[in-house]
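A.B. asks: If you want the building blocks of each chain, they are given just below.
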Amino acid sequence: MTEPVISAQGLRKEYGDFVAVDGIDFEVHPGESFGLLGPNGAGKSTTMRMIGGTLDRTGGQLRVLGLDPGRQGPEVRAHLGVVPQQDNLDEELRVRENIVMYGRYFGLPRSYLGPKADELLAFAQLEAKAKAKVDNLSGGMKRRLTIARGLVNEPRILLLDEPTTGLDPQARHVLWDRLFRLKEAGTTLVVTTHFMDEAEQLCDRLIVVDHGRIMAEGSPRQLIREHSTREVVEVRFGSQRNAQVVADLEGVGARNEVLPDRILVYTDDGEAALEEISRRGLHPITSLVRRSSLEDVFLRLTGRTLVD
Amino acid sequence: MDADTNALAYSGRAPGHGVMAARARARGVWYYAETVLRGMRAYFWPILLYSVGQPLIYMVALGIGLGTLVQQGAGSVDGVDYLTFVAPALLVSTVVMSVTAEMTYPVMAGFKWQRLYHAPAASPLEPGQVALGHLVAVVIRFVLQSLVFWLVMLAFGAAPSGWAQSLLVVPVGVLTATAFGAPLQAYAATLRDEGFQFAFIQRFVVMPMFLFAGTFFPLSVLPTYLHWIGWISPVWHGTELARLASYGAPVSPLMLAVHLGFLLALTVGGVLAGVRVYTRRLHS
Numbered sequence: 095m096t097e098p099v100i101s102a103q104g105l106r107k108e109y110g111d112f113v114a115v116d117g118i119d120f121e122v123h124p125g126e127s128f129g130l131l132g133p134n135g136a137g138k139s140t141t142m143r144m145i146g147g148t149l150d151r152t153g154g155q156l157r158v159l160g161l162d163p164g165r166q167g168p169e170v171r172a173h174l175g176v177v178p179q180q181d182n183l184d185e186e187l188r189v190r191e192n193i194v195m196y197g198r199y200f201g202l203p204r205s206y207l208g209p210k211a212d213e214l215l216a217f218a219q220l221e222a223k224a225k226a227k228v229d230n231l232s233g234g235m236k237r238r239l240t241i242a243r244g245l246v247n248e249p250r251i252l253l254l255d256e257p258t259t260g261l262d263p264q265a266r267h268v269l270w271d272r273l274f275r276l277k278e279a280g281t282t283l284v285v286t287t288h289f290m291d292e293a294e295q296l297c298d299r300l301i302v303v304d305h306g307r308i309m310a311e312g313s314p315r316q317l318i319r320e321h322s323t324r325e326v327v328e329v330r331f332g333s334q335r336n337a338q339v340v341a342d343l344e345g346v347g348a349r350n351e352v353l354p355d356r357i358l359v360y361t362d363d364g365e366a367a368l369e370e371i372s373r374r375g376l377h378p379i380t381s382l383v384r385r386s387s388l389e390d391v392f393l394r395l396t397g398r399t400l401v402d
Numbered sequence: 002m003d004a005d006t007n008a009l010a011y012s013g014r015a016p017g018h019g020v021m022a023a024r025a026r027a028r029g030v031w032y033y034a035e036t037v038l039r040g041m042r043a044y045f046w047p048i049l050l051y052s053v054g055q056p057l058i059y060m061v062a063l064g065i066g067l068g069t070l071v072q073q074g075a076g077s078v079d080g081v082d083y084l085t086f087v088a089p090a091l092l093v094s095t096v097v098m099s100v101t102a103e104m105t106y107p108v109m110a111g112f113k114w115q116r117l118y119h120a121p122a123a124s125p126l127e128p129g130q131v132a133l134g135h136l137v138a139v140v141i142r143f144v145l146q147s148l149v150f151w152l153v154m155l156a157f158g159a160a161p162s163g164w165a166q167s168l169l170v171v172p173v174g175v176l177t178a179t180a181f182g183a184p185l186q187a188y189a190a191t192l193r194d195e196g197f198q199f200a201f202i203q204r205f206v207v208m209p210m211f212l213f214a215g216t217f218f219p220l221s222v223l224p225t226y227l228h229w230i231g232w233i234s235p236v237w238h239g240t241e242l243a244r245l246a247s248y249g250a251p252v253s254p255l256m257l258a259v260h261l262g263f264l265l266a267l268t269v270g271g272v273l274a275g276v277r278v279y280t281r282r283l284h285s
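Protein chains in written order, with the working numbering: chain A, 95 to 402; chain B, 2 to 285.
Keep in mind that the hints were calculated from the coordinates and are not lab data.
Capping the alpha-carbon separation at 30 Å, the derived lysine-lysine pairs in DSS-like fashion look like this: (1) A:Lys236 <-> A:Lys277; (2) A:Lys223 <-> A:Lys236; (3) B:Lys113 <-> A:Lys225; (4) A:Lys236 <-> A:Lys225; (5) A:Lys223 <-> B:Lys113; (6) A:Lys225 <-> A:Lys277; (7) A:Lys236 <-> B:Lys113; (8) B:Lys113 <-> A:Lys227; (9) A:Lys223 <-> A:Lys277.
The structure presented is a predicted model; accordingly, all values stated were derived computationally and were not measured.
With the hints as extra help, turn the sequences into a complete structure.
C.D. replies: And the structure:
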């Protein structure tokens, strides 16, 4: 097996009494797309910043491309592309200038940066906006520009912190397509997200994090197989009746989960379960059979939903 | 058109990542200063207008207008006509007022509003280089601004010691700007709210320095119990030096050392504090 590009053992971050990251172990392999899935405040961004060498760890081991981000910050950061959760584009510079000036931080000469900026704008589908003000870009365009900027140094690893939060569905798909191409080109992606669909789309392998700890690890398919059933039946009886009906649903599926607005019945055969429900004389207002997702895995592991 | 993503990820044209890190370690301050200067370009005309217009207005209003009155009353001040007396002080004061603007709200924008500092902080640059780079860019601006002011002084015949000696008002102006600007930058970097303190600084620190630190009248005219305002004010120390440069005002070698030492100490202290605060704030 090849050397991991990132390896963490017992990685820990404390802020006073608060433990943000509570001793986690993971490895990221070259060319892999690795995800950290968890709700807000789970410690994902903190972990990202420790990898990115902008936050010192309190304990444990961390190596990025064999280097210690706590001691060799500039060397580690030279290898990385960083797409932060909050955009920090320079609004006093034009779109193309944002890429060029960022490239200067890596000591890259203008002879390299000129053509590179044009290639990156093409990749980000922003050629027409090269001379535009950053202010005039849509949210999706700003994100793509931030990604383009992060690629200016041809990073081995691209860190993406909540890359599509706040974007509309179409903009998200455009972005995922771009990231998928990068992965195909061999760039290692590390993605944090609290969207299970994003994790399923982008990640080969992921860790599910909650309260600074790893709850599970594996590929999306593996995690679903291990922690959920093949299918889920979602039934709604109205918010008043959900809790009363749940006793009558006993035994229909492998297990039930009651949410405020609906009941989830976990089963390997959704249609059969639905028939059984109506055979028992229960008539939900709406019903839906779907495949299990990472959301179900998270719910199973933590008893909570990902997005509150 | 679609780009070749493989070439995008690895073109073979980029230097190695180790080279990038080494260059950033060696020249990172300049790299960040370049970005800040680029950003100022968006305000090039307002800055130029301000740099030329402000000295002109002050020279005409205070030097000629007020100067005529002073001339009729006191005759001369410090052995020279009023315009000559007040011009070097105005150069120092206007640069200090400009540095106040540059080292307050833009610092807040860097950490909080636009999070501009967080971009270089994720690159090979170190936070200390970001702090210094911002200061260096501002210094470069003030070299130009002071040069313009000096040319206006020459044009008004308000620098009798000749151009070679009076040109020293430019480094003096810049040094005074850093003596006030560097500590202010460090202080602004500690603020986590919306910067309400800046208006207070403007009114109760910068304005008193402008009015009571020997700008419009020698400090000796004030009652002794108000002299401390001058003594602790970079503006007074800078003004004394600028007067020495522009018309050979009497400054003893001891006081020359005191003025220079005071301004240098504030600059160095401010820079060291700034590097610390930026590091704490961007890397924690």
